Amino acid sequence: MPHENKFGQITFCWNVNYKCNYRCPYCFFYNRWAEVIKDDKNFSKELWLNSWKRIYDMYGSIRIETAGGEPFVFKSFTECINEICKLHTFRVTTNLSCSIETLTSIVEHNSPERLQWNTSFHPHFAKLEEFLKKVSFLKENKFEVLVMYVAYPFQLKQIPYLRKVFNEMNVEFFVQAFQGEYEGKSYPGAYGNDEESLIYNRSEDYISADNKGSGLKNLIENQLSEAVTKGKLCLAGHKYAFVDSNGIVYRCTRERKHPMGDFLNQDFRLLEHPLPCEFDKCPCEFTWLVGETQDYGIKTNEDKASPALISVAISDNPPSASSDTKGENTPSFKYPPPGRIFFCWDICFSCNYRCSYCYLSGNHQEHHSGKSPYLGIQAMAEVWNRIYKKYGKCHIHISGGEPTTYPDFFAIIAELSSMHALEFDTNLSFDPSILIEKVKAEKVKINSSFHADHADFNTFFSKVLRLRDKGFKIGVSYVGYPPFLPRLEEYREICNRHNVEWAVQAFRGTFQGKEYPSSYTDSERKLINALPEGSAGDGAVTKEILKHHTEERAKRERERRLCRMGQMLVKIYPNGNAFRCCASAEEGDKVGNIFEEADFKLLDEPRYCEKAICPCWRAMIVGKESQWQHYWYMM
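For the sequence shown, counting from 1, position 281 maps to 280 in numbering that gives the first Met the number 0; every step adds exactly one.
Worth flagging that the hints you see were computed from the coordinates, not collected in a lab.
In silico lysine-lysine, PhoX-like type, Cα no more than 20 Å apart, as pairs: (1) LYS513 to LYS525; (2) LYS444 to LYS462; (3) LYS392 to LYS52; (4) LYS442 to LYS52; (5) LYS600 to LYS589; (6) LYS469 to LYS439; (7) LYS444 to LYS392; (8) LYS18 to LYS37; (9) LYS85 to LYS439; (10) LYS85 to LYS388; (11) LYS472 to LYS439; (12) LYS138 to LYS126; (13) LYS388 to LYS141; (14) LYS472 to LYS444; (15) LYS472 to LYS462; (16) LYS389 to LYS600; (17) LYS442 to LYS469; (18) LYS74 to LYS40; (19) LYS392 to LYS442; (20) LYS437 to LYS469; (21) LYS462 to LYS439; (22) LYS388 to LYS138; (23) LYS469 to LYS444; (24) LYS392 to LYS600; (25) LYS442 to LYS472; (26) LYS52 to LYS85; (27) LYS156 to LYS126; (28) LYS138 to LYS389; (29) LYS156 to LYS184; (30) LYS18 to LYS44; (31) LYS85 to LYS392; (32) LYS85 to LYS442; (33) LYS163 to LYS138; (34) LYS163 to LYS132.
Per label pair, the in silico range of CB-to-CB distance: (35) ASN592 to ASN49: 30 to 40 Å; (36) LYS132 to LYS623: 50 to 60 Å; (37) ASP407 to SER355: 24 to 34 Å; (38) LYS389 to PHE278: 32 to 42 Å.
It should be emphasised that the depicted structure is a prediction, and the values quoted were computed from it without experimental measurement. The beta-carbon is built from N, C-alpha and C at its ideal position, and this holds for glycine as well.
When you get a sec, could you build the whole thing from the sequences and use the hints?
Set out below in structure tokens:
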């Protein structure tokens, strides 16, 4: 289960390979290329992608920076970018020697929110005109581009002109201090005051730049600094790690004495807490010292963190309503979502059944439903493509009503499942051939519900088995409506015999003058809650749902608590209105309208729940992650 990193987003530096199509005289590997490329193990893209997926499963969506070598020399690198960006944010460091066609294929598959570019201009091998053309192409497509240039003594005189060219393009131009020997002098220590001023660009515009600009200035200062770092607590290895091309992981880019483990091994983990720096002077371009970490365009939350917090796990006791969550000694509640955002979407309230126990049979559907607009396949795809560009691959749970009554429903989910993980609820009244023909089985999860007043079980279950045999993940749910209880055990046994997931929903409503679920007898509760021996998964979920909905209301009264709903999840109604959770919608809970607002976004941080009684059985309470996170990773 992904953990909440107390210091913001975890970062990995990935040395894709040491191979390079350039031979720059200021490269760390100058005249040693034949030696260093021996470390390249040439692992397949599948091995790398599986490992980055495992990192996602453990830590959620993290940040990846590349190093090398030139990563595009790795033949499958473009495919790696396109797959990795579905899970993580990615900053590619490249000399931009790849073709414009390659850049086009990457731009078409990725969003600027998930992919950034560190480009390096090397005048010994690249023509400025061609380099500028590629940078312009990325900028025109809204991608963040940083241009790096090495302050090699022979190249210093070109800095003012290049800085002017890129500044006019509104492209950040970053000069790296040269580290090495030149004409008998050791750099960066040999730079004179004039040369340092040239590197720093001590102009009024630069000094007053935004945080990114000052971050680059701090990075250069760190390169030139002589400060002693040995013994200081460092987040390298805990929040940051370097992955070499041979799969070995080290705390930082220069530490090679104490490997942390094999990145491709299932057992690899980051350190549980920071350790002291082992170098007299930090050799890294970035410093990860606790309390001294600078902003290099990487979002961090640890800048003023107390060292005492470093090894303390987040408590299961949430802060009180009066707690100061911005305090210096309080872990940040800005929660990096665990890879995915969740949308519970009632696509429509129309249904071809009229079940007496349906919660829509009352006035609920008129409370905040509005109309069910039909946007069309293309417009609907554009809406969810905007969401993809902002949040990456999300989990969309479609419900209703009966979703399959919505126009072009199967064509819509075929389109959306190319971007997001989808599941939908259905009474299976449709012909399964339509779904099988239009949608890839591995892209969709189906929650089928059997309604005895409207369907024959044998016909219904034959559809379940047909879809299951075609590769779809499908389960069966059944409402514990009092008249349906006598045959519940029979249906459960059939599902268990065919290894089909089975879940029972407690009836909520009035039957024969009694209020349910509080009116269930002990034997009825036991019947509904019966689980096969050793059951887990959806069986355990059934138990949790029943426990929540059959508890006395007084037992669910809670203090005001911070909740991530609205930040990690929203409930969408047919008219596009989005609210924090599935409870009765109130104006204060509204997040926006996903159809009408081109800049629709979720909340930036958790908010306190205002409900006197929590209506959600898997509410995303801050500090209680261990109680609900596992219910939000179905696909």
